[in-house]
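Visitor: Could you build all of it, start to finish, from the sequences and the hints given here?
Here the protein sequences come in this chain order: D and Y.
Read left to right, the first sequence gives residues 1 to 167 (my numbering).
Read left to right, the second sequence gives residues 1 to 389 (my numbering).
Honestly, the hints are just simulated from the structure, not real lab data.
One or more hints might be untrue.
Unchecked claim - With a straight-line Cα cutoff of 30 angstroms, these simulated BS3-like cross-link-like pairs (lysine-lysine) come out:
{"no.": "1", "chain 1": "D", "residue 1": "LYS155", "chain 2": "Y", "residue 2": "LYS62"}
{"no.": "2", "chain 1": "D", "residue 1": "LYS155", "chain 2": "Y", "residue 2": "LYS58"}
{"no.": "3", "chain 1": "Y", "residue 1": "LYS317", "chain 2": "Y", "residue 2": "LYS341"}
{"no.": "4", "chain 1": "Y", "residue 1": "LYS5", "chain 2": "D", "residue 2": "LYS164"}
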Amino acid sequence: MNHFETARQLISVTLGSDTIVAEDAAQLQPSLTIRTERIAEVCLLLRDHPDTYYDFLSSLSGVDYGTEQAAMGVVYHLASIPYKTQLTLKVRFPFDRESGHMPEVPTTVNVWKSADWHEREAFDLFGIRFQDHPDLRRILCPADWEGHPLRKDYKTAETYQGIKIDF
Amino acid sequence: MAELKTDISTLKSEEMILNMGPQHPSMHGVLRLELLTDGEIVKDCVPHIGYLHRCFEKHAEKLSYGQIIPFADRMDYLTSMNNDHVFVMGVERMLGIDKEIPKRVEYIRVLVCELNRIASHLVAIGTYGMDIGAWTPFFWCFRDREHIMNMFEWASGARLLYNYIWVGGLFFDIPVGFEDRCKEFVDYFRPKIDELDTILTENSIFVNRTANVGVLPLNVAINYGCSGPMLRGSGLKWDLRRVDNYSVYPELDFDIPAGKGIAGTTGDCWDRYWVRVQEMRESLKIIEQCVERLQKDLKRSPDFDPRAKMPKKCIPKAQDFYIRGEIPKGELGYYFIADGKTEIPFRCKARSASFSNLSVLPELAKGVMISDLIAILGSIDIVLGEVDR
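Guide: Below, the structure is given as structure tokens:
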């Protein structure tokens, strides 16, 4: 049984089969899509279970799936140092572009500390809010920057603090 | 007005907020540390980054894969070759042409990457010595690095930002005589590392400043996503060149040095420094093996075209792909989302090594002296171009 199958079965047996919303096993790098509100539990399980030990969070990326899609997501790239395996987890949630409303994603800072800055980056560039994050501030852009630059509908700012921005 | 995270109204009378940076030579670029100090003791440390944010990911969503390579160069501007190598590897795997790349091209890639690894570690070591007050090693390191810069200028035309490794091949074959010059460099440089050992590694002032300072336990390092010499300094032999076995690294013989706590505790500043010195020796071994192959069975031939396998149109199938590779600072990863229709990635996220390595600094800084904080920050070896992207 490969590591992807191990992780999938572990999640569906321990946390219920409805935790996994979708799976994409056909790709070069298979991925599991997790129900947004369960992601922190899943991560903690995968980190601590002796069959998986995903103790290293390689990367956490926010994704805006485009103006037609009305969806945003977060992609987690996990790595297991003892087993030398990698796993991709995704969450995907609706995003109302008019009102800017979207659900909060549970933070994974309690699972991996490296998620702290990565989640701040996703908040800064996409406006994704992480529930119970200890210090959700902007990290790359200035604190008084308006808008979230990596959203697909972002309009490039023309001025910053009254100063014209030249390109 | 620079923002502060600490609430000034709750400060005790003996506490003081000290802004370190952003324009200070020991900050290795434009990093600002907000320190809550009690006399000489750092009680809390809040890094503020983003002063060098150049919107890599935003730019990448407007450019084709080949055009992103110069931007990838500029992320960690001391290790451009390695950045490009990882990036190109990801695109090639998405296109499914990674098995077709000629051996000679792969060996040249590894050769220049390892040269670049030495150059990057030389800057790390030289500036680290200077942070702690030793001026001479800095000049020695930069003198030796200059040879590598000249070689790269010869091969690619640029001294720092090479744009040399391209999707499916190389910009050019290495110039005639490059292999011999590599050999000369190896012969020249090996005794220089021993010299560096006597002036810095075993220097008692240096050891006193770095041993048992900033001890990073292994579990903390893993939890904070530290990689590269940071992780290996804490005693774990974790090197993606061996773990993922990418490119031609499985054919090459080299060791992975890991911190043993020779001067103090495993995972202290000295260990991280020492791992870098040992890695330079390992890189020299790799360079020798690459040159050997490039002069014998993979010899240059008149009909060899390093651009032969370059795709005319670089359009990967619709997919997500995360590629990771070992650059001198640690794990560099790119996360691509390809839409399958255009040459432009829908999303291109860079996971940089320094970003995660720096995030552990508040953990290490609690309760240390301000002067030790400089030693700790230097041992992390950050490049702000990569932290801020």
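Visitor: Against this structure, judge whether each hint is valid.
Guide: Right, here's what the structure says about each hint:
1. LYS155(D) with LYS62(Y): Holds. LYS155(D) to LYS62(Y) sits at ~14 angstroms (cutoff 30 angstroms).
2. LYS155(D) with LYS58(Y): Status holds; Cα separation ~12 angstroms.
3. LYS317(Y) with LYS341(Y): Roughly 8 angstroms between the alpha carbons, so the hint for LYS317(Y) and LYS341(Y) holds.
4. LYS5(Y) with LYS164(D): Roughly 28 angstroms between the alpha carbons, so the hint for LYS5(Y) and LYS164(D) holds.
Of the numbered hints listed earlier, not one is contradicted by the structure.
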